[in-house]
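Visitor: Each chain is listed here by its residues.
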Amino acid sequence: MSKPVEIEEAKFDDIVLKSKTPVLVDFWAPWCGPCRMVAPIVDELAGEYAGKISFVKVNVDNNQKIRDIYGIMSIPRLILFKDGKPVTSIHGFKPKKELKKSLDEAL
Amino acid sequence: MKKYDVVIIGGGPAGLSAGVYTSRARLSSLLIEKGAIGGQIINAEMVENYPGFTAGISGIDLTQAMHQQATKFGLETLAAEVTGISVNGQQKLVRTSQRDFIAGAIIIAGGSERQKLGVPGETQYTGKGVSYCATCDGAFFRDKTVAVVGGGNAAVTEALELTKFASRIILIHRRHELRATRILQEKVISQPKIEILWDTVVEEILGETFVNKIRVRNINTGMDSVLDVSGVFISIGSQPATGYLKGLLALDAVGAIVTSERLETSVPGIFAAGDIRSGSIRQTIGAAGDGAVAAVNAGKYISG
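First to last, the protein sequences are chains G and B.
For the record, in the first sequence the residue sitting at position 83 is 83 according to my numbering, with numbers rising by one throughout.
For the record, in the second sequence the residue sitting at position 115 is 115 according to my numbering, with numbers rising by one throughout.
Listed next, the stretches of chain B that the computed footprint assigns to chain G, with coverage defined by at least 3 CB atoms under 8 Å from CB atoms of chain G:
| # | stretch |
| --- | --- |
| 1 | 31–41 |
| 2 | 55–63 |
| 3 | 127–133 |
| 4 | 136–145 |
Covered stretches of chain G, as calculated for chain B (at least 3 residues, CB under 8 Å):
| # | stretch |
| --- | --- |
| 5 | 33–45 |
| 6 | 61–75 |
| 7 | 95–103 |
Because the hints were derived from the structure by calculation, they are not lab data.
Keep in mind the model is a prediction, meaning the values are calculated, not measured.
In this text, a Cβ means the ideal position worked out from N, Cα and C, and glycines have one as well.
Just chain G, with the same shape it has in the complex (with noise of 0.2 Å):
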């Protein structure tokens, strides 16, 4: 079971935009009440998806310049990135159904 793991900006470009699959990041702050009901749900869809995306997550307050580069103005946020490039985005709190059907057109 693989689960999602926190990265620093510092090692953005090896383990996400360098990346051979595809990865979603998580965008979070500890201030945020609905990211705390989103992270369950991307724990799951960690270990249900393994081998085919790779889960990680990105603290927008300690990493304002990640932040700064996807222009994050609001969280919950999720991002797949697909050779390097953000290919869905994904805003606010959303139902794991839909949050599959989002990523399963996207891969």
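Take the given structure of chain G and dock chain B to it, following the hints.
Guide: Showing chain B alone in chain G's frame:
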């Protein structure tokens, strides 16, 4: 088709409290929520006026505890959107985006949705500078200029919350005085970061990838002007989420559900609780109280 004694629509404090009561009363109960369990209050970092928590509690901790409590008593939860209700005598059918259910009684606790401004650019820039929640998104506007639209308690609270982050806050209000309570008005007026544009409405939200300007109009002079802002926080009230209930239940002038003292709607066996109910005080404790009242009376209705 699966049948429940009680189907509860909405997973905020009203629906969760109803679920605690119905499932503890051994009524088979299903709660249907289209978004996040907890409702609007999950955006509140700290709820300071819910009795029993001397140090306050976050909205999410409060509602997750309510959900766990109800689940412990047997409440089932489904993530789906209710699309309609039909009534044929005692028989009630709840249609959802997933499956349909038969209910002995229904408790509608769907809360309210934030009112939109309805101006060009609003939908396009939502999440890209347009926000309806300063506690959620305020931190992204550190050292920036933002506008807050509205003049009630909610708008003024949003403006004050934003002083933690933004360098300048322009409060845009269509009247020449605020509707907010005196204590909040005093706070706003003594806050140097906040300036107020009276008698002014937003006409358009402009930007490229993100918001960078808004066009406003003074309603007295009719003069348009353009302001440079990075964010627009819209706080002009909320609307009961009753679109799918028109024609089925009696609603008041603003679309909230009219109920009796027992919180029963114009249709016997259908109850309403929380912000969706006409006359609601729009407070978590009020919603939780409503949920209990509706649940007890739903139980009485079922047992005839």
